[in-house]
Structure formats: C-alpha cells, structure tokens
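**Q** Note that the protein sequences, when read in sequence, are chains A and B.
If you use my numbering, the first sequence corresponds to residues 530 to 731, in order.
If you use my numbering, the second sequence corresponds to residues 530 to 731, in order.
There could be a bad hint or two in this list.
[Stated by the list, open to error] List time: in silico BS3-like cross-link candidates among lysine-lysine, alpha-carbon distance up to 25 Å:
#: 1; chain 1: A; residue 1: Lys655; chain 2: A; residue 2: Lys624
#: 2; chain 1: A; residue 1: Lys624; chain 2: B; residue 2: Lys624
#: 3; chain 1: A; residue 1: Lys594; chain 2: B; residue 2: Lys594
#: 4; chain 1: A; residue 1: Lys655; chain 2: A; residue 2: Lys719
#: 5; chain 1: A; residue 1: Lys569; chain 2: A; residue 2: Lys655
#: 6; chain 1: B; residue 1: Lys569; chain 2: B; residue 2: Lys655
#: 7; chain 1: A; residue 1: Lys594; chain 2: B; residue 2: Lys655
#: 8; chain 1: A; residue 1: Lys550; chain 2: A; residue 2: Lys719
#: 9; chain 1: A; residue 1: Lys655; chain 2: A; residue 2: Lys550
#: 10; chain 1: A; residue 1: Lys624; chain 2: A; residue 2: Lys569
#: 11; chain 1: A; residue 1: Lys655; chain 2: B; residue 2: Lys594
#: 12; chain 1: A; residue 1: Lys569; chain 2: A; residue 2: Lys550
[Said to hold, decoys possible] Computed beta-carbon distance windows for the label pairs:
#: 13; chain 1: A; residue 1: Glu689; chain 2: B; residue 2: Ser700; range: 51 to 59 Å
#: 14; chain 1: A; residue 1: Leu722; chain 2: B; residue 2: Gly612; range: 42 to 50 Å
#: 15; chain 1: B; residue 1: Lys569; chain 2: A; residue 2: Asn547; range: 30 to 38 Å
#: 16; chain 1: A; residue 1: Gly676; chain 2: B; residue 2: Asp571; range: 36 to 44 Å
Derived from the structure by calculation, the hints contain no laboratory data.
Cβ atoms here follow ideal geometry from the backbone N, Cα and C, with glycine treated the same way.
Number of protein chains: 2
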Amino acid sequence: MRPRELVPPRVIYLVSTNVNKYLEAREVVASFGLSLAFLKDDVPELQSEDVAEIAAEGARWAAEKWDLPVLVEDTGLFIEAIGGFPGPYASYVLKTIGLRGVLRLLEGVEERRAFFKTGLAFCDGKGSEPTVFTGEAHGVIAEAPRGSSGFGYDPIFVPEGGDGRTFAEMSRAEKNALSHRARAFRAFCKWFLTYRGLSGRC
Amino acid sequence: MRPRELVPPRVIYLVSTNVNKYLEAREVVASFGLSLAFLKDDVPELQSEDVAEIAAEGARWAAEKWDLPVLVEDTGLFIEAIGGFPGPYASYVLKTIGLRGVLRLLEGVEERRAFFKTGLAFCDGKGSEPTVFTGEAHGVIAEAPRGSSGFGYDPIFVPEGGDGRTFAEMSRAEKNALSHRARAFRAFCKWFLTYRGLSGRC
Numbered sequence: 530m531r532p533r534e535l536v537p538p539r540v541i542y543l544v545s546t547n548v549n550k551y552l553e554a555r556e557v558v559a560s561f562g563l564s565l566a567f568l569k570d571d572v573p574e575l576q577s578e579d580v581a582e583i584a585a586e587g588a589r590w591a592a593e594k595w596d597l598p599v600l601v602e603d604t605g606l607f608i609e610a611i612g613g614f615p616g617p618y619a620s621y622v623l624k625t626i627g628l629r630g631v632l633r634l635l636e637g638v639e640e641r642r643a644f645f646k647t648g649l650a651f652c653d654g655k656g657s658e659p660t661v662f663t664g665e666a667h668g669v670i671a672e673a674p675r676g677s678s679g680f681g682y683d684p685i686f687v688p689e690g691g692d693g694r695t696f697a698e699m700s701r702a703e704k705n706a707l708s709h710r711a712r713a714f715r716a717f718c719k720w721f722l723t724y725r726g727l728s729g730r731c
Numbered sequence: 530m531r532p533r534e535l536v537p538p539r540v541i542y543l544v545s546t547n548v549n550k551y552l553e554a555r556e557v558v559a560s561f562g563l564s565l566a567f568l569k570d571d572v573p574e575l576q577s578e579d580v581a582e583i584a585a586e587g588a589r590w591a592a593e594k595w596d597l598p599v600l601v602e603d604t605g606l607f608i609e610a611i612g613g614f615p616g617p618y619a620s621y622v623l624k625t626i627g628l629r630g631v632l633r634l635l636e637g638v639e640e641r642r643a644f645f646k647t648g649l650a651f652c653d654g655k656g657s658e659p660t661v662f663t664g665e666a667h668g669v670i671a672e673a674p675r676g677s678s679g680f681g682y683d684p685i686f687v688p689e690g691g692d693g694r695t696f697a698e699m700s701r702a703e704k705n706a707l708s709h710r711a712r713a714f715r716a717f718c719k720w721f722l723t724y725r726g727l728s729g730r731c
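Next comes chain A alone, as it looks inside the complex (with noise of 0.2 Å):
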C-alpha cells in the first residue's frame, strides 16, 4: 500500500444543466473541504428505474468527453401508492402534468408515503470506471404545495426527521441536513477523501 501524500485539492466538476442541484451539493462538498465546479452540459440519460444505472452511465459518457474529474447524479421520486410514479421520471413529468397533476392523481389517497433516490457517480477522467453513491430521504406528499426555495417536487415533500415543513420551506443547509441529494454527496465525500490518500491521483 502506498504512503498517504500531501496533495493539493483538485477540482471535482459536476456535470449537469440544473445549477439548483450544484448550489445544493456544493455546501455538502464545500463542508469537507473539496471544491466542487459547475460543468453545465446536458449528459444522455438511460431510460432505467435505476437511478445509480442511469448516473454510472452518465458519468462515463462525461468523462470520456471532458477527461475530467467528473461526477453525474439522478434523482428519482417514487410514491407508493402509484407503483412508484413518477419515479426517474421525475422532470419530465414535472415540465407536463405538474405538481398539480401528481396531486391529482393522489386525490383521496390516504397513504401518501414517498422517497426520493440519488445516485451519484464519479468518474476520474477517460476511461475511468465509475464509483456509484446512493442516498435517500423517506417522507410523505403533501396535500397541498407548500414554500417557494429549492426546486422541483419539494413543496410537496414533506422528509421524516423534520418537523413537518415541506424541503421548500426550509432553507438549503436545512434540506440538506435531511435530503437525498446531501446524503449523496456526503459518502462521496467520505470515499473521495480516502481514495485520494491512497490513489495520490486526486
């Protein structure tokens, strides 16, 4: 096993086209003392319920363009009582029936449990296979959109381990104490930290 080195930090880039995402993560990233950049691009996404597939695939195709130090996330939301709809579809859906749509097809519906799923992958340059992270924050729909930050479906998310409020009623270090996203980045973090010490690549 090689010694740990002192190395200066590299940058890490997020590719994506949802800046939302990469002001989020970057606080995640930022609190364990990496640097995090914006790579705005708009990377091929497999069809698949499988949201760490679809960012493993995403940040090979990113790495292979940029040579870069890259990591991909896919976010999906899955509420149980319509077989786990609208799932990694979640955007396209938003951008077509809306939150009022997704509250409409929950009308009457009284168990409204829900969880969004990241993945999140990273790719250290050409040719590099991609390392996943997942994380998921568990909740309920609400009944009504509630607060204006974030984005997305988070006014009608309401997580387990808050205190009710929606993720668009708190502010970006609150939803990140308890999201998905942030529990993503956080054992990306945890893993990167040590890979670099033993790579001494990073």
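The hints should help you fit chain B onto chain A, whose structure is shown.
**A** Below, chain B without anything else, positioned relative to chain A:
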C-alpha cells in the same frame, strides 16, 4: 450505379421485449414479401423526447451486439392537454399510474387530442449507421377504456380516420390500417426494398 440483382430475401430482426409489437409489425412486413423475426432482448433506451433518437441509439446498440440486420422501434403517446404526457415514458407510466391514472388527469378536460409517434430504426449489422423512419397516428383519448385487443394505451385511443372505435376494439388488420407503428413499418419496407435493390447486401 450497380445493376439491380435478384438476391435471396434475408430475415430482418425486430429487437424488443414486446411480442405484441412484433405481431403487428410482422403482418405489415409480410405484406411487402419480407420476413421479420422476433429477437427478444432488452434494448437500453435513452431518456429523450424524441422517439426517433431513442430508436436510433437502440438499433446501433443491437446491431453492435448481434451483428444482424436489426430493427428497433420506440413509441410515445403525446396528450396535448397535459403537455405531451406521458410521451416516450408511456410504458413506465402505464405500469405505475395505469390507464386509470391517465384518465384521472383528463377528468373534466374537453380537449382530448393526442397522438402516437413511432420511431423505427434499421441497422444492417455491426458498424452500420441507423436509418430512421417515423409514423404517427392522431386521435383523441376516450372517456373510458373500451375493447380488449392490442396492448398498452389501445383501449383509450380513438384514431382519426376510424369509426369511433378504440384501437383495442379493432382487429389487428384494422389497427394496422391506421396505426403509427404500421405507418413506420410501411415506410421502412418501401425504403428497404429499394435499398436492397441498390446495395445488393440485404
């Protein structure tokens, strides 16, 4: 230009997990004197709003894997009043919220126009670039499911040019006279007969 030659017909493979699609397509293809086989395989699908792009990438993948003349099709259902939902994610939506969920989103909605669009891509073995065909069927979403033939959204789709029956109330031949899928396959067959004449390869 090469002279036309008499060449023995070769089998073309529809790569899919959905045998219903094959049963429809086989009839269309047979009417052109061509032979279609079913190659059951789960082709990875891109997340895209463009069924032609999804089919093209799929055909590229299948040709690389099987090194055979392959067809890959992808079909979406685009309902105008709800922004084109469920679009290319029609099968995931069917599996989760079902026809009942889709009808619920349209409760009280008068404007029920919708269309199916099929993208159909052909690759003539390893390394060949996909050639893509499309077919559309315009119509309206019924108030309630009717009929039991066909598959997918057939029970709630009433095509233009018909007599008010849904696709699921029609025989396969009747559906093929009006359907998006049959239109795409007819376009392919016309092209293929010319192409085969010109290239002498298939």
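**Q** Each hint needs a verdict: does it hold in this structure or not?
**A** Hint-by-hint comparison with the structure:
The suggested pairing of lysine 655(A) with lysine 624(A) is violated, with an alpha-carbon distance near 33 Å, which exceeds 25 Å. For the given pair, lysine 624(A) sits about 20 Å from lysine 624(B) by alpha-carbon distance, which is consistent with the 25 Å threshold. Between lysine 594(A) and lysine 594(B), the direct Cα distance comes to roughly 23 Å. Compliance with the 25 Å bound is thereby established for this hinted pair. This hinted pair checks out: lysine 655(A) and lysine 719(A) have alpha carbons roughly 23 Å apart, not beyond 25 Å.
For the hint pairing lysine 569(A) with lysine 655(A), the CA-to-CA distance comes to about 18 Å; that is within 25 Å, so the pair holds. For the suggested pair lysine 569(B) and lysine 655(B), the alpha carbons sit about 18 Å apart, so the restraint of at most 25 Å is met. Distance hint between lysine 594(A) and lysine 655(B) is fulfilled; the C-alpha atoms sit about 23 Å from each other, no more than 25 Å. Between lysine 550(A) and lysine 719(A) the alpha-carbon distance is near 19 Å, which keeps this suggested pair within the 25 Å criterion.
Proximity of lysine 655(A) to lysine 550(A) is assessed by CA-CA distance (about 24 Å); at most 25 Å being required, the pair is judged to hold. Between lysine 624(A) and lysine 569(A) the CA atoms are separated by roughly 20 Å; this keeps the pair inside 25 Å, and the hint holds. At most 25 Å may separate the alpha-carbon atoms for a hinted pair to count; lysine 655(A) and lysine 594(B) meet this at roughly 23 Å. Of the pairs offered as hints, the one joining lysine 569(A) and lysine 550(A) holds, with about 11 Å between alpha carbons and a cut-off of 25 Å not exceeded.
As the Cβ distance of glutamate 689(A) to serine 700(B) is approximately 52 Å, the hint placing it in 51 to 59 Å holds. Restraint check, leucine 722(A) to glycine 612(B): a C-beta distance of roughly 43 Å satisfies the suggested window 42 to 50 Å. Distance hint check for lysine 569(B) and asparagine 547(A): the Cβ-Cβ separation is about 36 Å, which falls inside the suggested range of 30 to 38 Å. Our hint of 36 to 44 Å for glycine 676(A) and aspartate 571(B) holds, since their Cβ atoms are close to 40 Å apart.
Checked against the numbered hints above, the structure violates only hint 1.
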